[in-house]
Structure formats: structure tokens, C-alpha cells
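**Q** Given the coordinates of chain A, work out where chain B should sit on it, guided by the hints.
2 protein chains.
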Amino acid sequence: MATDADTDAETGTVDAYDELTDRLERLTAVQGASGVLSWDQQVTMPEGGTPARSKQLSVLSSVSHEMLTDDRTAELLDACEGSDLTGQEEAVVRETRREYERAAAVPGELVEEISSTSSEALGAWEEARENDDFETFAPYLEDLVELKREYAEQIDPDRDPYAVLFEDYEPCLPLSQAEEILDTLKETLVPMIDEIRESDADVTTDAFEGTFDADEQEALSRDVLTDLGYDWEHGRLDVSSHPFTSGNQFDCRVTTRFDESDPLGALMSTVHEFGHAFYNLGLPREQFGTPLGESRDLSVHESQSRLWENQVGRSAAFWEHVLPTVREQFPDVDASAEEAYESANQVYEDNLIRVEADELTYHLHIVIRFEIERALIAGDLDVADVPEAWNDKYEEYLGLRPDTDSEGCLQDIHWSHGNFGYFPTYSLGSVLATQLYDAADDDIDDLEGDVRNGEFGALHDWLRENVHRHGARYETNELVERATGEPFGADHFVEYVREKYGDLYDLDESV
Amino acid sequence: MATDADTDAETGTVDAYDELTDRLERLTAVQGASGVLSWDQQVTMPEGGTPARSKQLSVLSSVSHEMLTDDRTAELLDACEGSDLTGQEEAVVRETRREYERAAAVPGELVEEISSTSSEALGAWEEARENDDFETFAPYLEDLVELKREYAEQIDPDRDPYAVLFEDYEPCLPLSQAEEILDTLKETLVPMIDEIRESDADVTTDAFEGTFDADEQEALSRDVLTDLGYDWEHGRLDVSSHPFTSGNQFDCRVTTRFDESDPLGALMSTVHEFGHAFYNLGLPREQFGTPLGESRDLSVHESQSRLWENQVGRSAAFWEHVLPTVREQFPDVDASAEEAYESANQVYEDNLIRVEADELTYHLHIVIRFEIERALIAGDLDVADVPEAWNDKYEEYLGLRPDTDSEGCLQDIHWSHGNFGYFPTYSLGSVLATQLYDAADDDIDDLEGDVRNGEFGALHDWLRENVHRHGARYETNELVERATGEPFGADHFVEYVREKYGDLYDLDESV
Chain A
7 MATDADTDAE
17 TGTVDAYDEL
27 TDRLERLTAV
37 QGASGVLSWD
47 QQVTMPEGGT
57 PARSKQLSVL
67 SSVSHEMLTD
77 DRTAELLDAC
87 EGSDLTGQEE
97 AVVRETRREY
107 ERAAAVPGEL
117 VEEISSTSSE
127 ALGAWEEARE
137 NDDFETFAPY
147 LEDLVELKRE
157 YAEQIDPDRD
167 PYAVLFEDYE
177 PCLPLSQAEE
187 ILDTLKETLV
197 PMIDEIRESD
207 ADVTTDAFEG
217 TFDADEQEAL
227 SRDVLTDLGY
237 DWEHGRLDVS
247 SHPFTSGNQF
257 DCRVTTRFDE
267 SDPLGALMST
277 VHEFGHAFYN
287 LGLPREQFGT
297 PLGESRDLSV
307 HESQSRLWEN
317 QVGRSAAFWE
327 HVLPTVREQF
337 PDVDASAEEA
347 YESANQVYED
357 NLIRVEADEL
367 TYHLHIVIRF
377 EIERALIAGD
387 LDVADVPEAW
397 NDKYEEYLGL
407 RPDTDSEGCL
417 QDIHWSHGNF
427 GYFPTYSLGS
437 VLATQLYDAA
447 DDDIDDLEGD
457 VRNGEFGALH
467 DWLRENVHRH
477 GARYETNELV
487 ERATGEPFGA
497 DHFVEYVREK
507 YGDLYDLDES
517 V
Chain B
7 MATDADTDAE
17 TGTVDAYDEL
27 TDRLERLTAV
37 QGASGVLSWD
47 QQVTMPEGGT
57 PARSKQLSVL
67 SSVSHEMLTD
77 DRTAELLDAC
87 EGSDLTGQEE
97 AVVRETRREY
107 ERAAAVPGEL
117 VEEISSTSSE
127 ALGAWEEARE
137 NDDFETFAPY
147 LEDLVELKRE
157 YAEQIDPDRD
167 PYAVLFEDYE
177 PCLPLSQAEE
187 ILDTLKETLV
197 PMIDEIRESD
207 ADVTTDAFEG
217 TFDADEQEAL
227 SRDVLTDLGY
237 DWEHGRLDVS
247 SHPFTSGNQF
257 DCRVTTRFDE
267 SDPLGALMST
277 VHEFGHAFYN
287 LGLPREQFGT
297 PLGESRDLSV
307 HESQSRLWEN
317 QVGRSAAFWE
327 HVLPTVREQF
337 PDVDASAEEA
347 YESANQVYED
357 NLIRVEADEL
367 TYHLHIVIRF
377 EIERALIAGD
387 LDVADVPEAW
397 NDKYEEYLGL
407 RPDTDSEGCL
417 QDIHWSHGNF
427 GYFPTYSLGS
437 VLATQLYDAA
447 DDDIDDLEGD
457 VRNGEFGALH
467 DWLRENVHRH
477 GARYETNELV
487 ERATGEPFGA
497 DHFVEYVREK
507 YGDLYDLDES
517 V
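Those protein sequence lines, which keep their order, are chains A and B.
Counting in our numbering, the first sequence runs from 7 upward without gaps.
Counting in our numbering, the second sequence runs from 7 upward without gaps.
Check each hint, because a few of them may be wrong.
Each computed SDA-like pair below joins lysine to any residue, with the alpha-carbon atoms no more than 20 Å apart [said to hold, decoys possible]:
#, chain 1, residue 1, chain 2, residue 2
1, B, 506, B, 290
2, A, 61, B, 506
3, A, 61, B, 353
4, A, 61, A, 21
5, B, 192, B, 397
6, A, 61, B, 239
7, A, 506, A, 74
8, A, 61, A, 128
9, A, 61, B, 290
10, A, 506, A, 293
11, B, 61, A, 355
12, B, 61, A, 290
13, B, 399, B, 353
14, B, 61, A, 293
15, B, 61, A, 128
Stretch by stretch, here's where chain B covers chain A in the computed footprint (C-beta under 8 Å, at least three residues) [to be verified]:
#, region
16, 236-243
17, 250-258
18, 291-301
19, 437-447
Keep in mind the hints are simulated off the structure, nothing from the lab.
Positions of the beta carbon are idealized from the N, C-alpha and C atoms, including for glycine.
Here chain A stands alone, though its shape is the one from the complex (with noise of 0.2 Å):
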């Protein structure tokens, strides 16, 4: 990986500076290669391209470590931190600080090991919950949690393993803070569902009964993603078995899938991926290639999606403004705004399935795994305990137990790829997003007058200003601050779950 510039770091910062944007901007090219090769796997590879698909995606995942860990990254980084730089020429070598740490801590050996691991138990954990059976899964996931310590341990023996790990995902925001932030959730939370559970309140639910095609949902997605603002000159919308969002600032492509029973799922999902796609392509495009041309961690990232999901597509004022949408596909759909508002809204009695969760109960799904995955990470919990813990948890948070470990344990993905602390992030992004959309809400005349009436222009706006722009330039904290006023906490997310629900369910003030 020897580039043409000069072997001497020493000779100059600026040549440092500029050598190691260069080296930068390869790497970010041989990862986005990555990015496009998944999402076809995933949206347009014929099945059988598999042994090819997979070779090249652990290929270019080697080349992309080679050239970040490579002895010539360190000494550029040497060169720059020893210089004059400019706070964006500082935050980019700051980001690949600490990138470069830690890819460099972990031998190769290990990342393969846990990669070819991780192979293995994806499969296993597929048998498991097509068939019900943890054993199947529980070897596999012993040696994931055995691999993941070691894995921290590599890159600092000295700090809490799972708050390594947690890094993973979540790098410059401290477990502390995120642990805290999550306690409230489960204390403000696990109260006020008991009361919803036991309130009289007439709240309607079946908005959206009946069949609905697989055509006019994607019409109808296309349609809402327009009406948002998507950059169809930029994106693209197709279908895979999970919705996800995949790209960079000049083409950034969102999925979602469908249900026939229920055309809810899919307009959700398509606005959620939709803040997904538009933070990066509201990501600087001449910074293309370097950290300042690169969305934040995964709570800011869904921050952005929860936002429109949560706050706009959720609201009463949107509800008002997106019906007459809905029915231009869907005629039938003969409730008011208000009722598919109550609809959308509605908050499970019986739901055990995360991905499902209304955006109350789904936080206790997120703290069950966090302190699950946290106690098997310590060593606090073993593995063959997983089953029990789960359902005495989702009976004491939740007040439901499992039946069976498909919907209990088994449902999620993420353990078989070893990501343990990767949860946490979907409740700190949506509890960013309350204290993100309070903050717009302050700077914009009328908010809410501006999604009823389907104008999102000073939305998007001051997301572009507060967030999208800045790219990787702020560590989370600070970008939060930036863009808010105050520190990153969980006040403007209860407040606004305390608002909104006590209306919908006519709760008592003091819940």
C-alpha cells in the first residue's frame, strides 16, 4: 500500500496532513465498494452468488485493515499530532486516532477468528429459531462472548470489557452516561405501561384493517418519500427481508419489506430509513473521503431516523397531513386523522417481538438485551441462564412471558454476529431524537404547522445546520450541546412520552 508521496512524514505537515486524507480516502473507496456489495447481496444477488460475494467482502474487509493499520497510517498520525492544525484537520486525525488504536490493538487472527465464528453461528441461529431449540445456538454464543472479552481485552485489559465492546458502536459517548439515560428509560417506562395497560381510554386501533397489496404499499412509499424530501436523483427504493438504509452523500439507497396485513409496518419503516438517508446525504460532499465527510456513531444515526419516524411520522399534525396519501392508494382507508393517529400510536398489550414495538415498550426490549448482554459479557450470567433471564424480565418489565425462545431470546439477529452493545443505540438515538426535534422546534416559527401541512423545508434545514453537515467533526456530546443547547440526556424524551401518552391514554400527571 506504499503511495507516491513522500516515504518522510517528518518533512512536512502539511504533506502528512495530505498524505493521510489521501490514504483516508482510499479506504473510505474500499469500504463503500463493501457497502455496494452488501446491498446487492441483500436487494438484487441471485442466491447462488454466495461463495464469490462472501470472498469478496472478506477481501476487501482485509485490504481496508491493511491500509488502515499499516505502519504508514501511525506515522502520519505521529506527524499531524505533533503540528499546527485547524479544528477540522484536528478532528480528522483525532478520528482516525482512534480508529487506528483499535484496529491496530486487535491481532488478525482474532478478527477472523470472531468473523468465521460469527459464520457459523448465524446459521445455528438460524436452525435454533426456525426449530425453537437455544441449545443449538448456545455453544456458538459461548464462544462469541468468549471471543468479544478477549476481543476487549485486546484493545484495553484495563476498562470494563463490555464498555469496550460498546465503542464498537457507540465511540465517543460514555457507557455511564448511556446506562443512566437508559435507567430513567426503564423507570419512566415500566410505570406508565402498567397504566396504560389498566386505562379505560378509548384508543382506536384497527385505523387500517384489511388487505393491502404489495404494489400500492411501495406507491404509497415512493409517494411519502417524495412528500419527505427523498433526493430520488441520489437514492433509490427497493425491497429486502430487512429494511435497511445503505450509501454515502452522493447515492444513499433505503429498502423496506412488506406486509399485506398491515400497511403501518412498511410506511414506518420507509420514513424511518428515510432520516437515515437523509442525514447522509446531507453529509458534506466535498469532505467525501474523510471523517468530516462521515455521519456520527449509531445513537446520532438514530437519532435521525427516529426524528422522522417518531416525531414527525407519528404525530397528530402529520397523520392530518399524510391521509389523503394513504388514500390515494388505498380508497378504503376510511378513518379519520386523528384515528389513524390513535392507531400509530397504540401501545401493544401482548407484543413480545421487538422489531414490532410501539415506541414506549420497545426501550424495555432494548434494556432486557443491554442488561442481559452486559451480565453474560461480565461473566455475571452464563449463557444456558440466557433463556430464563429473557423471560423473567420481559414478565417483570413487560408483564408477558415468552412461550417459546423463538420469540423470546432467539429473535434477534445481532448476537450471532457477536455485536454485543450495539441495542443500547436504538434507545439513545430515539431519546435523541425528542431532545434534537425540541431544540428545531425552538428555532422553527411553527413546527408542527409545517408537517401538517407537508412543508419540511426549515426541517430540514436546521437538521443540515445542527447536524448533517458537521459530519464526524464533533464527538457526540458535543454535537449535541452544538445543536441543542444542553448536555445528552433523557429529559426531553420523558416529557414527551409523558405528554403525548397521557393524552392518548388519559394518564395521571404524576405517572
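**A** Using the frame of chain A, we list chain B on its own:
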């Protein structure tokens, strides 16, 4: 690009050979990734994605160039060449040596200059063709001719530079042999086309008149692909502005395009691309990543597409078979199989465009390009004189003189890419197709009957056995001799066109 293997290639041939194939597998993976990115760019990428995609493609290209030309490749080749190898291993080393030498001979700056000049030339060519203004394109063509001469000189200063350039597309077939075949085509076809123009034979030309809906044409293309034996588990059909095939033995995709006034265009192009894809899908899967799992070069590849397009797809037997399938989508087609066959084989009186040419005039389009590009590279023709030379040759060989350069020397994209030496492979492939098909016909009990019955299994097997399974194990001439028992030459083609077009146009047997 260090690997974990022993860095002293002297330690053992087995080690060196294994390390070499590891390296080749990585190289193939990176090149395959580029292929997926190109496919995506032409088929699915939103227009605005270009800047990121260009960067990704150029970085992958430099990564694969570095992998190939790394000193370690040379060390491993040296170690392998001095040792006992099996025939297959020898072929891997031979192919890699050739690629290595070419890639290592050309300085990176020259490769980049050619690449950036081509990018600009492409834009200039598009503009020139649009405005029928050769002057816009001329300076870029001059630069490309100059750069490609320099490129050839870097590879071998002692040989005809055109012969060196030709090897980029057809590395193991002497140019003299190619030239002999092209001369035979010219000598055979110029008088034959003359006689056809004077023939009174009543050949049907209008079996497919009217408007043919694009969606129904697509359904027909899918039906025909299925019918020919395309393996949808490992492939897909999409639309792109120029039809192409892309992929490997696990995932090989075809594209086509639809013209609502010309259903034959898409149908024949689909059959053509099927031939390319069927070749790639027949390469040995267990050899994926080395030359043994890669196709022989462009003439052989084109022989596979042309065999299906011309020998199968333009035969009377095939039209008896396929017409009912056509009628399923287009019940208004009331031509007989014989009339459809004649329409699909009519020799156009006034077509100036290569990609719309029939099976005979096609080769004169190629011969003209071959003669002009040879003269350009030799310095015997100035770029400024290309339009007149082009028009004169069209008049001499085809009796037609283009009115504009847009339908003359600006019609093809190839020169704007600097691809001098590519065109001949189109004719060579068509010629080889006839020789291979005759050999298959000798070996198969009733090939014509099989085609009439839509039974392609014996032909599949013959091509798999005699061509596909060998990958690049044999050089072109050896592959052809092994498959057909004869040296590669134009005799079968001459016999084929004399018989077929003699019948169609009642030609004198002496022609």
C-alpha cells in the same frame, strides 16, 4: 499486501504455488468487486452517485494493480517456474506471468494518464456524436493514439505496437493469424454482399412490424432465457443502455434494452448475452479465483455469445421452436417460422451502424475499424483524416457513404476508451463460433433436431466439456484444436455463410 505465508519463496515450490494462488484469489476478488460496482453503475445506481463510484472504481483498480505488480508476485513466479508443476499449475503460472509482465512494464503514471484522458475523451466523444462535430473529439483521439503507442512501447519497443495493443484483448493469438482471418472475411463478403444486393430472391423482411410493448418483450426475454437453460439461481436479467454480461461462475447477470418497434433487437441481444453468461457459469467453481476458473479471452468469449446468437438463434430450426413462445407474448405476430427466419437474417441494404448490422455486413464494419486503427497506431493515418478514410472504406466495401460523422466514425464508444485492438475480437469470435458449432454438430447425433425441439442439453454438455471447463488452461489455438480437431481458421465461417445466404438469396454457387 504482505501475507502470513513464509516470505522466503525459495523454501518450497508447494508453498510458493499456494501463496501465488492465494494472491490470485485475492486479486480476483478485488476485480470481481469492481465488476459488481460497474454492473451497479450501469443498472441500478442513481445518477448522482457518479463521483463516489468513480473514486471507488479507481481505488479498486489501483489496489488490484498493486497486488499484481508487487515484487512478491515476481518472486513467487520465479520460484514456481523453476520447479516441478502439474499441467494445470503450469497454466496458472503461465497466465499470471503474462499478466504480471504487462502490468509491471507500464508505469503507473502512464496508466493514470490513459485513464484520465479516456474519461475526458468519453465526454468529448458524446458531445461530438451529439453535435456531429468530429473536431471536438479529434484532439482527444490524437492524445489517446499517442498514449497507447507509448503504452505499447513500454511493453515491448521492438514489436509492432498494434500487435502489442491487440494482446490486451486477445493475448494468446498471433495478430498475423487474426489478420489472415479478417482478410478472408473481406474477400469473401464484399463480393457476396454485392451479389445479394443484386439478387431477385424474395426474402421476407417484415415478419415483425408494429409496436411491441417493452414489458412484454421483457417477459419474452425471460422466457427465452429460461428455455435456453439460463440458471436463474445464479443470474438475473436487467435493462441497461447497452446490453452486457457481468459476473463469474456463481453469479453471472445479463442485461438488454428494448426498442418497441424492433422486438428482434432485444431478443437476439438476449440470446447473445446468454451465450456469454452460459460460458462464465460453466467455468469450474472449484477453481474460482485462478486462471483455471476464468474464461479464455475475448475471441473465445465472443464465440460463445455468437454461437448462441447466430448458429442457434438465427437458424431455421430455432425459429420453428421459438415462434410459439414469441406468440405467447405477441399473439398478433402471424408470420410463419420460415418468414420469421428470413426476417431475422435479412441482409440490410443501407445500414451504416455496426450494432444494427446483419451477420454478413457486420464483419465489413469490423474490417474497416481494424484497418483504420492499425493505420492510426502505425502513424500511416492522421486523426484529422479519419472521417474521410472511414467514409471511403464504407463506400468501397459496403457501397454506402455516411452523410454525417455521427453515423460514421463517431458511432462507436471504443476509441474514446482508447481501446485500439478490441474490434477484431468481435469478428474472430463469430468465425470461431461456426467452427465450434460444426464440431459440436459432428459429435451430437441430431443437433438441428435438438434445436428444433428446444432440447439444448447435448449442446450444453458439448460446450461445457470442450470449452468452459478448461477455463484459461489452454491458449486460444490449443483450446480450439482440442475442441474441434483443427487449427483456428475461417473455413467453417466461409462455408456457413455460403450455404446459408446462398440458399436465402439464391446465390450462384461460385461466389
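**Q** Could you tell me which of the hints above the structure violates, numbers in ascending order?
**A** 1, 2, 3, 4, 7, 10, 11, 15 and 19
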